[in-house]
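> Sequence:
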Amino acid sequence: MNKKSAAREFCFQYFFHMQLPIFKELREESANSNEAIISSISQFKESTDTLLEKNLFQYVVGQVENTLKHYGELEEKIEQYLTNWKVNRLSKVDHTVLLLAFSELMYHKDTPPKVVINEFVELAKKYGAKESASFVNGVIDKFAKSEIL
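Using my numbering, you'd call the opening residue of the sequence shown number 1 and step up by one each time.
Hints listed in this document are in silico derivations from the structure and should not be mistaken for laboratory results.
Some hints here could point you the wrong way.
Said to hold, decoys possible - Only pairs whose alpha carbons sit at most 27 Å apart, straight line, appear in this in silico DSSO-like list of lysine-lysine:
#1 4 <-> 130
#2 92 <-> 45
#3 77 <-> 142
#4 109 <-> 92
#5 86 <-> 142
#6 109 <-> 145
As the list claims (entries may be wrong) - DEER-style ranges, computed between Cβ atoms:
#7 75 <-> 126: 16 to 26 Å
#8 147 <-> 69: 14 to 24 Å
#9 54 <-> 89: 36 to 46 Å
#10 45 <-> 126: 11 to 21 Å
#11 53 <-> 118: 20 to 30 Å
#12 107 <-> 36: 11 to 21 Å
Beta carbons are placed, not taken as given, at the ideal position from N, Cα and C, and that holds for glycine.
Whole structure, please, built from the sequences with the hints as guidance.
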């Protein structure tokens, strides 16, 4: 696994963890404070013994910051590309993967969309249900073809 893939996986794990109801207050605080985000990510990083180079730590901070800042907009975008589904019915894994994939495609345009899609489909394969990868791939691909590519 390359270093950027490891950073995406760490980001997924962190954001999955942050979506638990007990972290609602911290999520709201972090959405308004870069310092709170950095502190929260640093604490999570220590608890997982994850090694991230400085530039990859900054990628994670940027990804989390953009996802929190644009959370409502991202939810609306995801909902727009779901067929016969509602965001609140998605599994937490699929929801987290879609949030981070849409966020990266919309706000971190330095990576080719096909790479981003592949990386997040791989996370869905690793952490999601049997059908998660194909479901996530379809939603992200439809969004990317319509708005990014």
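> The structure should be examined with respect to each hint, and the outcome stated for every one.
Status of the hints after comparison with the structure:
1. 4 <-> 130: holds, 25 Å
2. 92 <-> 45: holds, 21 Å
3. 77 <-> 142: Between residue 77 and residue 142 the Cα gap is close to 11 Å, so the pair holds against 27 Å.
4. 109 <-> 92: Distance of about 25 Å is within 27 Å: holds.
5. 86 <-> 142: Judged against 27 Å, a Cα distance of about 16 Å means the pair holds.
6. 109 <-> 145: holds, 15 Å
7. 75 <-> 126: 16 to 26 Å: The hint (16 to 26 Å, Cβ to Cβ) holds, given that residue 75 and residue 126 are roughly 23 Å apart.
8. 147 <-> 69: 14 to 24 Å: Hint holds: Cβ distance 19 Å, inside 14 to 24 Å.
9. 54 <-> 89: 36 to 46 Å: holds, 39 Å
10. 45 <-> 126: 11 to 21 Å: Given about 19 Å between the Cβ atoms, the range holds.
11. 53 <-> 118: 20 to 30 Å: Since the Cβ atoms of residue 53 and residue 118 sit about 22 Å apart, the hinted range of 20 to 30 Å holds.
12. 107 <-> 36: 11 to 21 Å: holds, 19 Å
The structure meets every hint from the earlier list without exception.
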